[in-house]
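Residue strings, one per chain:
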Amino acid sequence: MSTKHIYQNPITSAHLWHVIDATNHHVGSLATKIAGLLRGKHKPIYDRSSPLECGDYVVVLNSRNIQLTGKKWDQKLYRRHTGYPGGLRETPASQMLEKDPNHILRHAVLGMLPKNDSKYYLEQRLKIYENEKNPHIGQISKTPQSSLALNLGPYEAPTINPTNEQVDNYFAGYILKMDDNVEQFSMVESKVRDHKDNLKRQRRVLRKKRANELKPINIEEDN
Amino acid sequence: MNIDKIFKLAKGYFGRSKNCKSLARERVEKGLEYNYVSRRLKKRDFRAQWIQRINAGTRQHGLNYSDFMRGLISSDCQINRKILSELAVTEPFSFKALTVQAKDQLSKLHFKTYIPKEDIINPTPQVKAGIETPTLKQK
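Protein sequence lines correspond, in order, to chains A and B. The numbers in full-length UniProt numbering rise by one with no breaks, and the one at position 41 of the first sequence is 41. The numbers in full-length UniProt numbering rise by one with no breaks, and the one at position 75 of the second sequence is 75.
Hint data in this document are derived by calculation from the structure and do not stem from the laboratory. Warning: the hint list may mix true and false statements.
Said to hold, decoys possible - Derived BS3-like pairs: lysine-lysine, alpha-carbon spacing no greater than 30 Å straight-line:
#1 A/Lys-41 / B/Lys-112
#2 B/Lys-112 / A/Lys-208
#3 A/Lys-115 / B/Lys-117
#4 B/Lys-96 / A/Lys-4
#5 A/Lys-72 / A/Lys-33
#6 B/Lys-43 / A/Lys-115
#7 A/Lys-196 / B/Lys-82
#8 B/Lys-103 / A/Lys-41
#9 A/Lys-41 / B/Lys-96
#10 B/Lys-11 / A/Lys-4
#11 B/Lys-18 / A/Lys-41
#12 A/Lys-119 / B/Lys-82
#13 B/Lys-43 / A/Lys-41
#14 B/Lys-30 / B/Lys-18
#15 A/Lys-200 / B/Lys-43
#16 A/Lys-4 / A/Lys-72
#17 A/Lys-119 / B/Lys-42
#18 A/Lys-33 / B/Lys-5
#19 A/Lys-33 / B/Lys-117
#20 B/Lys-5 / B/Lys-30
#21 B/Lys-112 / A/Lys-196
#22 A/Lys-33 / B/Lys-103
#23 A/Lys-119 / B/Lys-43
#24 B/Lys-96 / A/Lys-142
#25 B/Lys-82 / A/Lys-115
#26 B/Lys-43 / A/Lys-4
#27 A/Lys-4 / B/Lys-117
#28 B/Lys-42 / A/Lys-41
#29 B/Lys-82 / A/Lys-33
#30 B/Lys-82 / A/Lys-4
#31 A/Lys-115 / B/Lys-42
Just so we're clear, the structure is a prediction, and the values are computed from it rather than from any experiment.
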């Protein structure tokens, strides 16, 4: 079935509207979802050559409550150049949140779209708002409803309930002697993780040595 | 190549390359090279598109593309990717039946292999392919 036949039918090729609440979502993981929705990669009628026909509209609310992990609020810089010599302007992410919170998410999404002329048109379909108010409700109610339409709420941390087998696999080769406290558990876990990282580092050094990338030096064991 | 044939192929080209003899010859030779390449690229591009469509179809039912294909291949389902992508677009219910089949098969398989769980727990003894050396009859 050729793509022409699909796009002639307005039921299959109607543009959907996705509404996302961005509170407590991480920027990068949310941006990957949005970039896929804008291009229409979640639809079985996806065609690389016509992203404008199978792509969708995305509305993002509460962009002020978005989150970055680690020290990125202080260390991440948004750069631009005025064109004059010495005209490099840098704003850290914490200042950008006060100045223009929409720019943080928009900048992340645009970096994930394909670098060609379709980027300009796909950008226009991304609507980001600081607050909870959604001005597109009238348009959304007119479009046909679909199970593919994604309506994400605020972020919920995933709950992990490992089975006994998975716990045994993780602590393989270690004797566990601890109480059922959170502190005790975290101490043992961090000790295991450090040991595994150490082993990984040693293996990496050995691999490089085997490939003659390193000069012959005496490898000191960190113990 | 005959110049009449070249002008026939150079119809609709940009600028003087449809009228001038020397320019048309250059453009037509280059165009035929592109033809040769794109005849090969067409097969790869279509396969990539089928895979993208199957992936979008399987993700609606909570499955990965690679897991889906692993389940189908190990259950000896011989539908190729072109037909699977057409099923994903036009017949979503019959495509759903395939995902159910793949999920059933995946539950029987060992982690990240095509080998069933039972064979790993109770492995069958491997028999070496015995090649009988031909005995020469000496006179």
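Hints, one by one, checked against the model:
Using a Cα cut-off of 30 Å, the hinted pair A/Lys-41 and B/Lys-112 holds, with the two alpha carbons roughly 26 Å apart. For a cut-off of 30 Å, the pair hint linking B/Lys-112 to A/Lys-208 stands: about 28 Å separates their Cα positions. A distance of roughly 45 Å separates the Cα atoms of A/Lys-115 and B/Lys-117; the hinted pair therefore is violated under the 30 Å criterion. For the hint linking B/Lys-96 to A/Lys-4, the alpha-carbon distance of about 25 Å falls within 30 Å, and the restraint holds.
Taking the CA atoms of A/Lys-72 and A/Lys-33, the gap is near 21 Å; set against the 30 Å cutoff, the hint holds. Taking the CA atoms of B/Lys-43 and A/Lys-115, the gap is about 24 Å. The hint holds against a cut of 30 Å. Simply put, A/Lys-196 and B/Lys-82 have alpha-carbon atoms about 44 Å apart, too far for the 30 Å limit, and the pair is violated. For a cut-off of 30 Å, the pair hint linking B/Lys-103 to A/Lys-41 stands: about 23 Å separates their Cα positions.
At most 30 Å may separate the alpha-carbon atoms for a hinted pair to count; A/Lys-41 and B/Lys-96 meet this at roughly 19 Å. Among the hinted pairs, B/Lys-11 with A/Lys-4 is consistent with the structure: their alpha-carbon atoms are about 27 Å apart, no more than 30 Å. Restraint check for B/Lys-18 and A/Lys-41: the C-alpha separation of about 41 Å exceeds 30 Å, so the hint is violated. Restraint check: the Cα-Cα separation between A/Lys-119 and B/Lys-82 comes to about 29 Å, which is no more than 30 Å; the hinted pair holds.
Restraint check: the Cα-Cα separation between B/Lys-43 and A/Lys-41 comes to about 21 Å, which is no more than 30 Å; the hinted pair holds. Between B/Lys-30 and B/Lys-18 the CA atoms are separated by roughly 14 Å; this keeps the pair inside 30 Å, and the hint holds. In summary, the hint linking A/Lys-200 to B/Lys-43 is not supported, as the alpha carbons are separated by about 41 Å, beyond the 30 Å threshold. Only pairs whose Cα atoms come within 30 Å are accepted, and A/Lys-4 paired with A/Lys-72 is rejected, the gap being roughly 45 Å.
For a cut-off of 30 Å, the pair hint linking A/Lys-119 to B/Lys-42 stands: about 25 Å separates their Cα positions. The suggested pairing of A/Lys-33 with B/Lys-5 is violated, with an alpha-carbon distance near 52 Å, which exceeds 30 Å. Taking the CA atoms of A/Lys-33 and B/Lys-117, the gap is about 35 Å. The hint is violated against a cut of 30 Å. In summary, the hint linking B/Lys-5 to B/Lys-30 is supported, as the alpha carbons are separated by about 15 Å, within the 30 Å threshold.
Restraint check: the Cα-Cα separation between B/Lys-112 and A/Lys-196 comes to about 23 Å, which is no more than 30 Å; the hinted pair holds. Between the alpha carbons of A/Lys-33 and B/Lys-103 the distance comes to roughly 25 Å, so the proposed pair stays at or under 30 Å and holds. Pair hint A/Lys-119 plus B/Lys-43 holds up; C-alpha atoms about 27 Å apart against a cutoff of 30 Å. Distance restraint check for B/Lys-96 and A/Lys-142: the Cα-Cα separation of roughly 29 Å lies within the 30 Å cut-off, and the hinted pair is therefore satisfied.
Between the alpha carbons of B/Lys-82 and A/Lys-115 the distance comes to roughly 28 Å, so the proposed pair stays at or under 30 Å and holds. Of the supplied pair hints, the one linking B/Lys-43 and A/Lys-4 holds, its CA atoms being roughly 19 Å apart against a limit of 30 Å. A hinted pair counts as satisfied when its Cα atoms are at most 30 Å apart, and A/Lys-4 with B/Lys-117 does not qualify at roughly 45 Å. Straight-line distance between C-alpha atoms of B/Lys-42 and A/Lys-41 comes to about 21 Å, which keeps the hinted pair within the 30 Å bound.
Between B/Lys-82 and A/Lys-33 the alpha-carbon distance is near 27 Å, which keeps this suggested pair within the 30 Å criterion. The suggested pairing of B/Lys-82 with A/Lys-4 holds, with an alpha-carbon distance near 17 Å, which does not exceed 30 Å. Restraint check for A/Lys-115 and B/Lys-42: the C-alpha separation of about 22 Å stays at or below 30 Å, so the hint holds.
The structure shown violates the earlier hints numbered 3, 7, 11, 15, 16, 18, 19 and 27.
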